[in-house]
Amino acid sequence: MGGWTYFVTNKPRGVLYTGVTADLAARVAQHKNGEGSKFCRRYGLNMLVLAEHHDDIREAIAREKTIKAWKRDWKIELIEASNPEWRNLSGDLT
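Note that the numbering used here has the sequence shown beginning at 50, numbered continuously upward.
There could be a bad hint or two in this list.
[Claimed, not checked] Straight line, CA to CA, 27 Å or less: simulated DSS-like cross-link-like pairs of lysine-lysine:
(1) Lys-114 with Lys-60
(2) Lys-124 with Lys-114
(3) Lys-60 with Lys-81
(4) Lys-60 with Lys-117
[To be verified] Pair by pair, the computed Cβ-Cβ distance ranges are:
(5) Ala-118 with Ser-86: 16 to 24 Å
(6) Asp-72 with Ala-111: 17 to 25 Å
(7) Ala-78 with Asp-122: 28 to 36 Å
(8) Leu-142 with Ser-86: 29 to 37 Å
(9) Asp-122 with Tyr-92: 15 to 23 Å
(10) Glu-84 with Asn-137: 14 to 22 Å
Everything labelled a hint here was simulated from the structure, so no lab data went into it. All C-beta atoms, glycine included, are put in the ideal place defined by N, C-alpha and C.
Please work from the sequences and hints to get the whole structure.
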C-alpha cells in the first residue's frame, strides 16, 4: 500500500506541519475540518503546500521522520522548489 508525505501550513512561510497518510484527500479534509492533529487545530494549519507520493507506506513514514529532523530552512527550500508561490494544493485533490 502506498502513502504520502505532506506539508500543511497556515500561510506562506508560516507554521509548518509534516505528516504522513495513506489517503491524502481524506487527511487534508480532516485538517480543514479541524479534525486533524491538535497542533494543526491550534495553529489553523489547513493549507496543503507539498505532497510526495511513495509506493510503500513505510517509505512515506521514513521520509516523514527524515524531514522532521531537518532545519526549517531546508523544509522551506523543499516546498519552494516545487511550489514557489505557496499555492494551496488541496483543490487539486480528487
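Verification of the hints:
{"no.": "1", "hint": "Lys-114 with Lys-60", "result": "holds (23 Å)"}
{"no.": "2", "hint": "Lys-124 with Lys-114", "result": "holds (13 Å)"}
{"no.": "3", "hint": "Lys-60 with Lys-81", "result": "holds (14 Å)"}
{"no.": "4", "hint": "Lys-60 with Lys-117", "result": "holds (19 Å)"}
{"no.": "5", "hint": "Ala-118 with Ser-86: 16 to 24 Å", "result": "holds (18 Å)"}
{"no.": "6", "hint": "Asp-72 with Ala-111: 17 to 25 Å", "result": "holds (19 Å)"}
{"no.": "7", "hint": "Ala-78 with Asp-122: 28 to 36 Å", "result": "holds (30 Å)"}
{"no.": "8", "hint": "Leu-142 with Ser-86: 29 to 37 Å", "result": "violated (19 Å)"}
{"no.": "9", "hint": "Asp-122 with Tyr-92: 15 to 23 Å", "result": "holds (19 Å)"}
{"no.": "10", "hint": "Glu-84 with Asn-137: 14 to 22 Å", "result": "holds (18 Å)"}
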